[in-house]
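Here is how the chains run, residue by residue.
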Amino acid sequence: MSDMQYFPRAALAGLIEAIRDAGYRVIGPREETGQGGLVYREIDGVEDLPQGLHDRQEPGRYRLEKTGSPRYFAWVNTASAIKSFVYAPREKLWRAVRKEGRMHFEAVERDAGKTAILGVRACDLAALDLQDAHFLRGKFVDPYYQARREKLLLVAVNCSHAAATCFCASTGDGPEVVGGYDILLDELEDGYLLRVGSTRGAVIVADLPLEPASTAQREAAWAQLQQARGQQRALPAAPDLARLGEHLESARWTRIADRCLSCGNCTAVCPTCFCHREFEVPALDGKSTEHWRDADSCFNEDHSYIVGEVVRHGTRERYRQWMTHKLFNWVPQYGRIGCTGCGRCTTWCPAGIDFVAEANIILGQAEAPEIDIPRVDGSEAAQ
Amino acid sequence: MTNCYLPWEAEIVERTQETPDIFTWKLRFTDPDVAHSYSFRHGQFNMLYLYGVGEVAISVMSNDGEFLLHTIRAVGRVTKAMMELPLGTHVGVRGPFGSAWPLDQAKGKDVVFVTAGLGCAPVTSSIKHVVSQRADYGRLVIMQSVRHRNEGLWEPQYDAWRELPDTQVLLTASRDKTRWPHWQLGRVSVLLDEAQYDKHNCVVMMCGPDAMMADTARTLVELGVPGEAIHVSLERNMQCAVGHCGHCQLGAHFVCKDGPIFRWPEVAELMRVKGY
Numbered sequence: 001m002s003d004m005q006y007f008p009r010a011a012l013a014g015l016i017e018a019i020r021d022a023g024y025r026v027i028g029p030r031e032e033t034g035q036g037g038l039v040y041r042e043i044d045g046v047e048d049l050p051q052g053l054h055d056r057q058e059p060g061r062y063r064l065e066k067t068g069s070p071r072y073f074a075w076v077n078t079a080s081a082i083k084s085f086v087y088a089p090r091e092k093l094w095r096a097v098r099k100e101g102r103m104h105f106e107a108v109e110r111d112a113g114k115t116a117i118l119g120v121r122a123c124d125l126a127a128l129d130l131q132d133a134h135f136l137r138g139k140f141v142d143p144y145y146q147a148r149r150e151k152l153l154l155v156a157v158n159c160s161h162a163a164a165t166c167f168c169a170s171t172g173d174g175p176e177v178v179g180g181y182d183i184l185l186d187e188l189e190d191g192y193l194l195r196v197g198s199t200r201g202a203v204i205v206a207d208l209p210l211e212p213a214s215t216a217q218r219e220a221a222w223a224q225l226q227q228a229r230g231q232q233r234a235l236p237a238a239p240d241l242a243r244l245g246e247h248l249e250s251a252r253w254t255r256i257a258d259r260c261l262s263c264g265n266c267t268a269v270c271p272t273c274f275c276h277r278e279f280e281v282p283a284l285d286g287k288s289t290e291h292w293r294d295a296d297s298c299f300n301e302d303h304s305y306i307v308g309e310v311v312r313h314g315t316r317e318r319y320r321q322w323m324t325h326k327l328f329n330w331v332p333q334y335g336r337i338g339c340t341g342c343g344r345c346t347t348w349c350p351a352g353i354d355f356v357a358e359a360n361i362i363l364g365q366a367e368a369p370e371i372d373i374p375r376v377d378g379s380e381a382a383q
Numbered sequence: 001m002t003n004c005y006l007p008w009e010a011e012i013v014e015r016t017q018e019t020p021d022i023f024t025w026k027l028r029f030t031d032p033d034v035a036h037s038y039s040f041r042h043g044q045f046n047m048l049y050l051y052g053v054g055e056v057a058i059s060v061m062s063n064d065g066e067f068l069l070h071t072i073r074a075v076g077r078v079t080k081a082m083m084e085l086p087l088g089t090h091v092g093v094r095g096p097f098g099s100a101w102p103l104d105q106a107k108g109k110d111v112v113f114v115t116a117g118l119g120c121a122p123v124t125s126s127i128k129h130v131v132s133q134r135a136d137y138g139r140l141v142i143m144q145s146v147r148h149r150n151e152g153l154w155e156p157q158y159d160a161w162r163e164l165p166d167t168q169v170l171l172t173a174s175r176d177k178t179r180w181p182h183w184q185l186g187r188v189s190v191l192l193d194e195a196q197y198d199k200h201n202c203v204v205m206m207c208g209p210d211a212m213m214a215d216t217a218r219t220l221v222e223l224g225v226p227g228e229a230i231h232v233s234l235e236r237n238m239q240c241a242v243g244h245c246g247h248c249q250l251g252a253h254f255v256c257k258d259g260p261i262f263r264w265p266e267v268a269e270l271m272r273v274k275g276y
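If you're matching them up, the sequences are chains C and E in order. Per full-length UniProt numbering, residue 1 is the first one in the first sequence, and the count goes up by one each step. Per full-length UniProt numbering, residue 1 is the first one in the second sequence, and the count goes up by one each step.
No lab work stands behind these hints, which were simulated from the structure alone. It is possible that part of the hints are untrue.
Unchecked claim - Capping the alpha-carbon separation at 16 Å, the derived lysine to aspartate or glutamate pairs in EDC-like fashion look like this: (1) C:Lys287 <-> C:Glu100; (2) C:Lys99 <-> E:Glu11; (3) E:Lys274 <-> C:Glu246; (4) C:Lys114 <-> C:Asp21; (5) C:Lys99 <-> E:Glu9.
Claimed, not checked - From the derived model, a few chain E residues whose C-beta atoms are all more than 12 Å from chain C: (6) His36; (7) Asp136; (8) Tyr137; (9) Glu155; (10) Gly224; (11) Glu228; (12) Arg263; (13) Pro265.
Said to hold, decoys possible - Chain E residues, not near chain C, derived (Cβ > 10 Å throughout): (14) Glu14; (15) Ser62; (16) Ser99; (17) Gly108; (18) Trp154; (19) Leu164; (20) Ser174; (21) Trp183; (22) Asp193.
Glycine residues also receive a C-beta, built at the ideal position from the N, C-alpha and C atoms.
So that you can see chain C by itself, here it is in the shape it has in the complex (with noise of 0.2 Å):
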């Protein structure tokens, strides 16, 4: 949309100044304290993003290191999506009145305040798109998502580089952003590259102190994309994908099941994962009572559950279920894969089971490793 236009690092407080003067709150990453991984908080000030902070990520593992580097955005990913700041992980959607016999019911009004967020990489803001397909193009529109959509401000950044656990790139979702923000940066080792992707995002860059960015700024940025091309992992191509239906009796599923501890930390990291459960919340003195819902996993127990029957009954449905769902059964609901290659389930998954591996393995496209599966009956605490 526009040109590609350059700021020294120095005027990225600026930025994040403009933004809150635009009548945004900043969210960005930051460390979150005592626990060694990168999350989307709201931020005051640069001093609070991750400087010199990259993160190294493998199956079931993920560690911040210091570099010394003066990049704000040295990191790949963070440990939770953006998906929190749209889809809220618990919420009130109305409550109940009894009052003389009669109920009356009242929506939340979602009064949603206006929310940007610094630093958003293209797998999450793939994701973003994909939930809007979810919550508001479909026949029915999710109010309090829409709120909150509505008033999102995206200031993207490109990759620099990837972790091991990253496949963007054969999903099509990066690690190059193209679309669907409204300001991009590229972190180069002395400032930013910025585009500008709409209104909202020109008129907060007005007053920066840009100048048009140099070849050899264009050229940096280029080859650091080019390095975050470089992935170690890569899906099976969407004809393979389109077979998976055709494996859900595969002796694999088994094989993932005796690993897999049905925890849902896949799906709580995951940026498209949208299933959640209903509750109330009756009031004690029993006048009112709230009617909530928050996050729910395909890994419970009670998540197909109809009366006397859960339907996936193990782990080896759910498990099957999940990356069936992602891989294949997204494509008739939604056009597309449900996976933007973000490489969290992987990473945050305490057996350390690899969801893309495993997609291959299941396809045939790789053979399944030797795994050893640690067994756990108490004898190593006797001894």
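Here the structure of chain C is known, so what remains is to put chain E in place on it, guided by the hints.
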């Protein structure tokens, strides 16, 4: 913009205890505008809300004028509490949701209903529709299976239907020892031999447990009924009813909005996979 999660208020104006654990509510929307604008297609369902407890998906039995009829079996947390509610209690209603029985497509053809257990409730409105428009349809065959005869609902109604021209009403009890007049012993499959209808020009509508419907559908296909002519109504965990909460998924289908009524070929392969 309307909020698709928000129920309307309705009053229980009549209740009938059909069997020890099945009851029927006659509901009236308290807002006349809602009552006026509400209309459903046979086979769709409502979300009924019990104050402080939650919602359940229940098929609509009928919508006569300003009244709404729901037949409910007390099996879960919400429905057991609902059975205890006295007349005049106010509840919540959202709906109607989901797909409908193919009553238009069935015109001029033989119509076959196959139900088991409380599966008869979701098709009763359709049977009544076919009876009321009898000339529009070919033969009418109603097959109903229950475990014990005393769990069968509306037997006098079935007796009355039996007297209609070109109509067969076949009943069976799978666990009874006594064989009553008009009743067979065994599952619904024992009725299939007796049923007389044009296998190449019929529409079948089924409601009951997954296994019953899958077995019956496969048998009917073997007998020569085109799969496209067979329709099943599925039950899954439904919480939002608008395709958002994710619980009711079967393969790529959201049962609440793409179903609950499916053409058999849409779900035949999926229902073959245990635990999917």
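Each hint tested on the structure:
The suggested pairing of Lys287 of chain C with Glu100 of chain C holds, with an alpha-carbon distance near 10 Å, which does not exceed 16 Å. Straight-line distance between C-alpha atoms of Lys99 of chain C and Glu11 of chain E comes to about 14 Å, which keeps the hinted pair within the 16 Å bound. Our distance criterion of 16 Å between C-alpha atoms is met by Lys274 of chain E and Glu246 of chain C, whose separation comes to about 14 Å. Note on Lys114 of chain C and Asp21 of chain C: the hinted pairing holds, with a Cα-Cα distance of about 11 Å set against a maximum of 16 Å.
With a C-alpha separation of about 12 Å, the suggested pairing of Lys99 of chain C with Glu9 of chain E holds against the 16 Å cut-off. For His36 of chain E, the non-interface assignment is confirmed: its Cβ lies about 18 Å from the closest Cβ of chain C, beyond the 12 Å cut-off. Look at Asp136 of chain E: its CB is around 30 Å from the nearest CB on chain C, clear of 12 Å, so calling it non-interface holds up. The claim that Tyr137 of chain E lies off the interface holds: its Cβ sits roughly 31 Å from the closest Cβ of chain C, which is beyond the 12 Å cut-off.
The beta carbon of Glu155 of chain E is kept farther than 12 Å from every beta carbon of chain C, the shortest such distance being approximately 24 Å. Every CB of chain C is more than 12 Å from the CB of Gly224 of chain E (nearest about 28 Å), matching its label as outside the interface. For Glu228 of chain E, the shortest C-beta to C-beta distance to chain C comes to about 19 Å, beyond the 12 Å cut-off, and the non-interface label holds. With 12 Å as the threshold on Cβ separation, the claim that Arg263 of chain E sits away from chain C holds: the shortest Cβ distance comes to roughly 15 Å.
Under the 12 Å C-beta cut-off, the non-interface status given to Pro265 of chain E relative to chain C holds; the minimum distance is some 14 Å. Listed as outside the interface, Glu14 of chain E is consistent with that label: its C-beta sits roughly 17 Å from the nearest C-beta of chain C, beyond the 10 Å cut-off. With a minimum CB-CB distance of about 23 Å to chain C, Ser62 of chain E clears the 10 Å threshold, and the non-interface call stands. The beta carbon of Ser99 of chain E is kept farther than 10 Å from every beta carbon of chain C, the shortest such distance being approximately 12 Å.
Every Cβ of chain C is farther than 10 Å from the Cβ of Gly108 of chain E; the closest lies at roughly 31 Å, confirming the non-interface assignment. For Trp154 of chain E, the requirement that its beta carbon stay farther than 10 Å from each beta carbon of chain C is met, with the minimum near 21 Å. For Leu164 of chain E, the non-interface assignment is confirmed: its Cβ lies about 33 Å from the closest Cβ of chain C, beyond the 10 Å cut-off. Every Cβ of chain C is farther than 10 Å from the Cβ of Ser174 of chain E; the closest lies at roughly 17 Å, confirming the non-interface assignment.
Distance check for Trp183 of chain E against chain C: the nearest CB is about 26 Å away, which clears 10 Å, and the non-interface claim stands. Residue placement check: Asp193 of chain E keeps its beta carbon more than 10 Å from all beta carbons of chain C (closest about 30 Å).
Comparing the model with each earlier hint shows no violations; every hint is respected.
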